[in-house]
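Q: Those protein sequence lines, which keep their order, are chains R and A. Last residue of the first sequence? That's 329 in my numbering, and every number before it is there in order. Last residue of the second sequence? That's 329 in my numbering, and every number before it is there in order.
Any given hint might turn out to be false.
When chains are identical, the list treats them as one kind, so a pair holds in a single copy or across two.
[Claimed, not checked] 27 Å max Cα-Cα, derived DSS-like pairs, lysine-lysine: (1) K118 - K23; (2) K54 - K248; (3) K224 - K23; (4) K171 - K23; (5) K301 - K224; (6) K185 - K54.
If you're looking for bench data, these hints aren't it; they were derived computationally from the structure.
There are 2 protein chains.
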Amino acid sequence: MKIAIVGATGAVGQEMFLCLKKKNIPANKIEFFASSRSTGKILKTDFGEMEIKEFSVEKMAEFDFVLMAVSGDFSKKFSPQIAEKSIVIDNSSAWRYEKEIPLVVPEVNFHKAKNAKLIANPNCTTAILAVALWPLHCEFKIKKCIVSTYQAASGAGQPAMDELKTATEKYLQNESFVPENFAKNIAFNLIPRIDKMINNGYSKEEMKVVWETRKIFDDESLKISCTAVRIPTFRAHAESISIETEKEISPDAARNILQNAPGIEIVDNPENFELPMPLTATKKFNCEVGRIRQNLVFGKNGLDFFVCGDQLLKGAALNAVQILKSLL
Amino acid sequence: MKIAIVGATGAVGQEMFLCLKKKNIPANKIEFFASSRSTGKILKTDFGEMEIKEFSVEKMAEFDFVLMAVSGDFSKKFSPQIAEKSIVIDNSSAWRYEKEIPLVVPEVNFHKAKNAKLIANPNCTTAILAVALWPLHCEFKIKKCIVSTYQAASGAGQPAMDELKTATEKYLQNESFVPENFAKNIAFNLIPRIDKMINNGYSKEEMKVVWETRKIFDDESLKISCTAVRIPTFRAHAESISIETEKEISPDAARNILQNAPGIEIVDNPENFELPMPLTATKKFNCEVGRIRQNLVFGKNGLDFFVCGDQLLKGAALNAVQILKSLL
C-alpha cells in the first residue's frame, strides 16, 4: 500500500505522517508532497528524514491513498481528479457540505467512508465535539446543544503557533508586536471570532460545528448553538458543552456510557484537579472528557461537561488516519 | 468624609484607591490598612505614595466608609464590629448569602444599599454578568441563562498574576516550573475549575454566579448554569452567554436596550474584529458587550452574546466604589 501526504510542510501534514506510523498503518511507501516552493526540502521527523516532492495530479495515481492537508481552494481544484485513481481523504472544508461526499468521524459513522473515493475530514472543533456527543446522543437523544470553545493557535496553522510564542515573548519584554496570523495580538488575550463572519451574526467556524455535527450524526433536528473563541494555548482545543436530552440523563449514567466509548478518556476528578486541560490532552489520541454534571437549566434532562482534545490529532490528522484505517 | 481601605497590599485594595480618585469621590482622608506584616510599607500609586498602617477595629471608628479587600474569614471576624460605627463595603464572599445583607451591583439594585451598615460586593464574574444581563431581564424577562467563563489570573490575586508571568517565561525558556497559586501550570493552559468543589458537581465559583445573580435580581425563578474556566490572561474576565427569554428577543432589540444601559460599552463589529477582548477591556470601567446574535437553540426567544470586563474594576474595586458613591 502506498500513501501520499499533500501539504506536508504544514502542522497537520506532518502529524498525519506521525499518526500513520504510530497507528502502524502497513504502508510500503509514504511520500511527502507540497508546492514547488518546498521541493527538495528535507523534513526531520521522529521516524526519520523525509524529502518533499513537488505535487502533480499525475504523480498521485500510483498511491492508494492521498491525504490532503491543503487549502480548500487547492482541494476544490485537484481532489476530484486525484479521486479518479486514488482514495482521497481531505482535511479542508471544500467538500464537507456536498451531499454525496461522506463527512466522517470513525467513532460515529465509519460505514459512510466505504466505497467512497473522496472523503471529507471534519472541522477540528466538530470532530472533538462529535466523539464525546455521539455516545450520549445514541443513548439519550440530544435535542439541544450549546457549546463555547477555547481554541488553540494550532487551528490557524504552524505560523499561528509560532506567532503565539513570539507575541508572548514580545509582551513579556515590553516590546510592541504587530500580529500577522491573528487579527489581534493573541498574547494574554482571547479573540471571540474565528474564520470569517456570515450573515446570521455567527462566524463560519461556529456554523461549521452546527452544519457538520448534523451531517455526521445524520440528524437535522439537532439544535446547536456555538461560540468559537481563540485563546492563547498551543494545540489542544477545549469545549464547554451543555445539552438537553429527550430521555432523562444523570451524570453517572453519562459517565458509564462515555467510559466505554471509543476515542474518549474520562478525566473527571475535579477535587484533585484531574480535569480536561491542554496541559494533559496535548499529543494524546483520545479526547479528555470531564466536569460531568447535571445542567442546572435543563434539570433532569440536561448535562454539562467539558472536553479537551488535540486539535492536530483528533481535530485533524488522527481522524484522517482513522478513516484510512477503517477502510483497510 | 474619611475612607479606609483594609487589605491595601492586594490588587483589589489598590484598585479601590485608584477608583476613588478617578471617580472623584470627595474624601478628606483616605487611609490604607493591612496586617502588621505590612505596617510601614510605602505603596507607590498613580496618585502619590501611601503608607500602610496596621489594622485594628478601633482605628476604623473614625472612618465614614471602610472598604474591605480581605479574606472571607477576616471579614467574618471584623466586619460586624466595624459596621457598628462605619459603613462597611465588603468584597469577600463572607456576607453575600446572608438574607439581611444587601448584595449590590449599583446598575441593578443600588437602592438596596440605602441605610445598610454592611453591604456585600458580588463575585467578579457575577458583577460583570449582571451588568449586561439586567437590562435584558427588565425588557425580555430571562428564563434560562447558560454561561461559560474565560477568567483571568487576577481573580486569584496579585501573586497569581505574577505566577502567570513567571510560568510563561519558564515555559518559553524550556525550564520546569512548579505552580503555587494555581493547582496546575497556567502557562498556555486552561483550568476548568475555580474555587473549591461542592457536592453537586459544580465549583463554588460557578454556584456563586447562580446564587448571587438570583439575589441581585431578586428573582429565584431565574435558571442559570455556569462553567468557570481559568485561562492565561491577566485581568479581564470574559463570558460566553446564552439566554432564553419569556418575550421574543432580536439582536437589534437587545442592542438598542444595551446601548443605553449604564456600565456597558457595545463593541460589536466582528467584521472588523471589534470584539469584547481582554486586550481592550483591561483597565476600562465599562464592560464590553458584543457578538450579539440570535441563539440557534432557543430561536426567537434566545440570544447569544459575549462580555468582557476588568475583573479588578467592575469585578471588584469599581463596583465597591460605585456602591459608596450611590450612598453619598
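Q: Each hint should be assessed against the structure and marked as holding or not.
A: Hints and how they fare:
In the homo-oligomer, the alpha carbons of K118 and K23 lie at most 27 Å apart inside one protomer (24 Å), although the nearest pairing across protomers, at 66 Å, exceeds that limit. Taking the shortest Cα distances, K54 and K248 never come within 27 Å of each other, neither inside one copy (54 Å) nor across copies (61 Å). In this homomeric assembly, K224 and K23 never come within 27 Å of each other (Cα to Cα): the closest approach is 36 Å inside a single copy and 47 Å across copies. Proximity of K171 and K23 under a CA criterion of 27 Å is satisfied in neither setting, with 36 Å inside one chain copy and 30 Å between copies.
For a Cα distance limit of 27 Å, the shortest separation of K301 from K224 qualifies both inside one copy, at 18 Å, and across copies, at 13 Å. In this assembly of identical chains, K185 and K54 lie within 27 Å of each other by CA distance neither inside one copy nor across copies; the values are 35 Å within and 43 Å between.
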